[in-house]
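Number of protein chains: 2
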Amino acid sequence: MTYCVGLLMDRGLVFISDTRTNSGIDNISRYRKMHTWTKPGDRSITLLSAGNLATTQIAVGLLDDRTQRLADRSPSILEAPTMFQVAQLVGQTLKGAVANHGEQASAFEATLILGGQIGEMPPRLFLIYPEGNFIEAGADTPFLQIGEAKYGKPILVRAFDPSLSFEAAIKLLLVSFDSTMRANLSVGMPLDVNVYEKDSLKAPRSMRIEQDDPYFQSISRGWSQALTSAVESLPDFEFPNETVDPNDPDGASLDR
Amino acid sequence: MTYCVGLLMDRGLVFISDTRTNSGIDNISRYRKMHTWTKPGDRSITLLSAGNLATTQIAVGLLDDRTQRLADRSPSILEAPTMFQVAQLVGQTLKGAVANHGEQASAFEATLILGGQIGEMPPRLFLIYPEGNFIEAGADTPFLQIGEAKYGKPILVRAFDPSLSFEAAIKLLLVSFDSTMRANLSVGMPLDVNVYEKDSLKAPRSMRIEQDDPYFQSISRGWSQALTSAVESLPDFEFPNETVDPNDPDGASLDR
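Protein chains in written order, with my numbering: chain E, 1 to 256; chain B, 1 to 256.
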């Protein structure tokens with residue numbers, strides 16, 4: 001599978017993706033799932049992909065091809081006037097790549113996270129479905145996940161805040177990814193991280209974090225200790241004085 | 001959906017289940033998913049169920065019916081000589097209830113957690129699949145989950161230890177359930193908790209924890225604060241000095 005997250009923050013956008021791709025458990029490869037297009041001074045666009053690798057490579061390939069500025073290959077995501085129109089373009093491209101498989105389409109699905117900024121308009125972040133439609137992040141839902149999202153969601157639900165610093169947000173994302181990778185073999189190191197600073201209109205800061213990265217190791221170890229301390233800081237359960245027949249049919253007398 | 005957990009502990013067995021059942025999002029009911037059979041001085045058996053409600057009710061009904069000690073209704077889970085044979089009996093009953101639906105069987109599946117102790121043999125804990133086969137918890141995998149298990153797994157992976165006290169284990173389970181219920185509407189309060197003390201061979205201590213339970217509320221609130229403190233206790237990410245072209249095709253120069 002895959003795990004990718006996009007954050008819509010006060011200071012800009014943060015993207016993170018793993019690099020594990022598998023077709024069965026005995027065919028594991030490493031592929032980059034993060035793609036960036038930049039037109040300095042005008043726009044910066046990042047795309048994360050989860051799902052069928054051939055589908056996402058075709059979609060990214062088509063989008064990339066159309067940026068090569070041949071007149072007959074318009075429209076391009078480097079020319080569309082708004083992020084909304086970029087999302088429409090990406091959605092149509094993805095839908096086409098999936099639908100190309102006809103009745104087998106459901107086996108070739110993929111889901112994308114798209115984020116970026118154009119000119120003076122605010123940065124925007126979208127989740128694009130295999131059907132080509134999409135939803136947008138906002139104040140109520142400031143982060144979007146695709147792929148193996150459940151393990152790492154609780155920590156984001158509790159601790160993510162759009163006003164965080166980029167450094168604190170990346171820490172939180174690494175905790176979310178570490179929790180996921182401990183529970184699910186289909187998500188794996190290294191991780192790609194991309195930080196787009198609002199209004200910079202240039203390429204995001206981009207890093208690859210390897211398994212042996214000292215900071216990642218310190219987070220992974222430190223989080224186990226911090227969690228254990230957090231659990232210990234809460235009061236233990238106390239048994240009530242009464243216990244009752246567990247076979248009580250309506251359960252009513254089981255209330256504490 | 002549902003979320004249930006069984007713990008195989010040094011001191012005995014702990015079971016917990018939610019009570020939400022839904023058929024679509026506009027048909028939500030409350031059902032007990034925890035069932036207990038006890039023959040004092042001989043055995044105590046607890047069953048947790050996830051999946052199709054009619055299937056689990058038929059399976060539980062059949063198992064219960066056969067304990068009514070009519071000679072022609074043997075074998076019964078109150079008579080089987082070992083927990084392994086109880087698991088086989090429960091598995092066959094579940095398989096029959098599912099297979100009864102013929103070609104539509106996959107829509108009527110259910111999964112069970114079975115745990116208990118018979119005589120002087122050690123307590124055992126099983127996860128029973130809709131196909132009737134099962135796996136057993138042990139030292140390497142001392143907890144079993146069924147239903148919506150992903151959200152609440154990371155905290156158990158990191159913090160559960162079979163040597164914990166029952167009180168500490170219940171605290172941990174409530175954190176796991178709270179994380180799940182914040183992320184998924186198909187798991188809901190109240191929760192049923194069942195604690196079987198090793199070698200007691202009597203009915204487990206049984207409690208129902210309601211939404212407004214003061215202890216549950218303190219865990220739910222306290223965990224948010226404890227998690228935030230835990231995140232803050234870890235060092236923030238620090239950006240490396242170099243950044244590179246995110247379009248670098250092989251990603252090799254993206255290593256930190």
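Watch out, some of these pointers could steer you wrong.
Stated by the list, open to error - In silico SDA-like cross-links for lysine to any residue, where the CA-CA straight-line distance does not exceed 20 Å: (1) B/Lys95 / B/Pro40; (2) E/Lys198 / B/Phe239; (3) E/Lys202 / B/Phe239; (4) B/Lys198 / B/Ser163; (5) E/Lys202 / B/Asn241; (6) E/Lys202 / B/Pro240; (7) B/Lys39 / B/Phe108; (8) B/Lys202 / E/Pro240; (9) B/Lys95 / B/Glu136; (10) E/Lys39 / E/Thr19; (11) B/Lys202 / B/Pro40; (12) E/Lys202 / E/Ala80; (13) B/Lys95 / B/Ile135; (14) E/Lys39 / E/Ser165; (15) B/Lys39 / B/Pro123; (16) E/Lys95 / E/Ser165; (17) E/Lys198 / E/Ser165; (18) B/Lys202 / E/Asn241; (19) B/Lys198 / E/Phe239; (20) E/Lys95 / E/Pro75; (21) B/Lys202 / E/Phe239; (22) B/Lys95 / B/Pro123; (23) E/Lys39 / E/Lys95; (24) B/Lys198 / B/Asp42; (25) E/Lys95 / E/Glu120; (26) B/Lys198 / E/Glu238; (27) E/Lys198 / B/Ile135; (28) B/Lys202 / B/Lys95.
Stated by the list, open to error - Just some of the chain B residues that point at chain E, by a computed CB distance under 10 Å: (29) Lys150; (30) Val157; (31) Ala226; (32) Thr228; (33) Glu238.
Claimed, not checked - Computed footprint of chain E on chain B, listed as stretches where at least three residues anywhere in the stretch have a Cβ under 8 Å from a Cβ of chain E: (34) 159-170; (35) 212-224.
Rather than coming from a laboratory, the hints here were simulated on the basis of the structure.
Note that the structure is a prediction, hence the values are computed from the model and not measured.
Built from N, CA and C at the ideal position, the CB exists for glycine as well.
Results of checking the hints against the structure:
1. B/Lys95 / B/Pro40: Roughly 29 Å between the alpha carbons, so the hint for B/Lys95 and B/Pro40 is violated.
2. E/Lys198 / B/Phe239: holds, 17 Å
3. E/Lys202 / B/Phe239: Between E/Lys202 and B/Phe239 the Cα gap is close to 17 Å, so the pair holds against 20 Å.
4. B/Lys198 / B/Ser163: Roughly 13 Å between the alpha carbons, so the hint for B/Lys198 and B/Ser163 holds.
5. E/Lys202 / B/Asn241: Between E/Lys202 and B/Asn241 the Cα gap is close to 17 Å, so the pair holds against 20 Å.
6. E/Lys202 / B/Pro240: Satisfied, since the Cα-Cα distance of roughly 18 Å is no more than 20 Å.
7. B/Lys39 / B/Phe108: Cα-Cα ~31 Å, so violated.
8. B/Lys202 / E/Pro240: holds, 18 Å
9. B/Lys95 / B/Glu136: holds, 18 Å
10. E/Lys39 / E/Thr19: With a Cα-Cα distance of about 26 Å, the restraint between E/Lys39 and E/Thr19 is violated, given a limit of 20 Å.
11. B/Lys202 / B/Pro40: holds, 5 Å
12. E/Lys202 / E/Ala80: Measuring from Cα to Cα gives roughly 17 Å; hence the hint holds.
13. B/Lys95 / B/Ile135: holds, 15 Å
14. E/Lys39 / E/Ser165: violated, 25 Å
15. B/Lys39 / B/Pro123: Judged against 20 Å, a Cα distance of about 15 Å means the pair holds.
16. E/Lys95 / E/Ser165: Roughly 35 Å separates the two Cα atoms, so the pair is violated.
17. E/Lys198 / E/Ser165: holds, 13 Å
18. B/Lys202 / E/Asn241: The given pair, whose Cα atoms are some 17 Å apart, holds under the 20 Å limit.
19. B/Lys198 / E/Phe239: holds, 17 Å
20. E/Lys95 / E/Pro75: Measuring from Cα to Cα gives roughly 16 Å; hence the hint holds.
21. B/Lys202 / E/Phe239: Answer holds: B/Lys202 to E/Phe239 is near 17 Å, not above 20 Å.
22. B/Lys95 / B/Pro123: violated, 24 Å
23. E/Lys39 / E/Lys95: Given that 20 Å is the threshold and the Cα spacing comes to 25 Å, the pair is violated.
24. B/Lys198 / B/Asp42: Roughly 12 Å between the alpha carbons, so the hint for B/Lys198 and B/Asp42 holds.
25. E/Lys95 / E/Glu120: violated, 29 Å
26. B/Lys198 / E/Glu238: holds, 19 Å
27. E/Lys198 / B/Ile135: violated, 51 Å
28. B/Lys202 / B/Lys95: violated, 29 Å
29. Lys150: holds, 4 Å
30. Val157: B/Val157 check passes; min Cβ-Cβ to chain E is 6 Å, inside 10 Å.
31. Ala226: This hint holds: B/Ala226 lies near chain E, its Cβ roughly 4 Å from the closest one there, short of 10 Å.
32. Thr228: holds, 6 Å
33. Glu238: Because about 7 Å separates B/Glu238 from the closest Cβ in chain E, which is inside the 10 Å limit, the hint holds.
34. 159-170: holds (count 6)
35. 212-224: With 7 residues closer than 8 Å to chain E, the stretch 212-224 of chain B meets the three-residue bar; holds.
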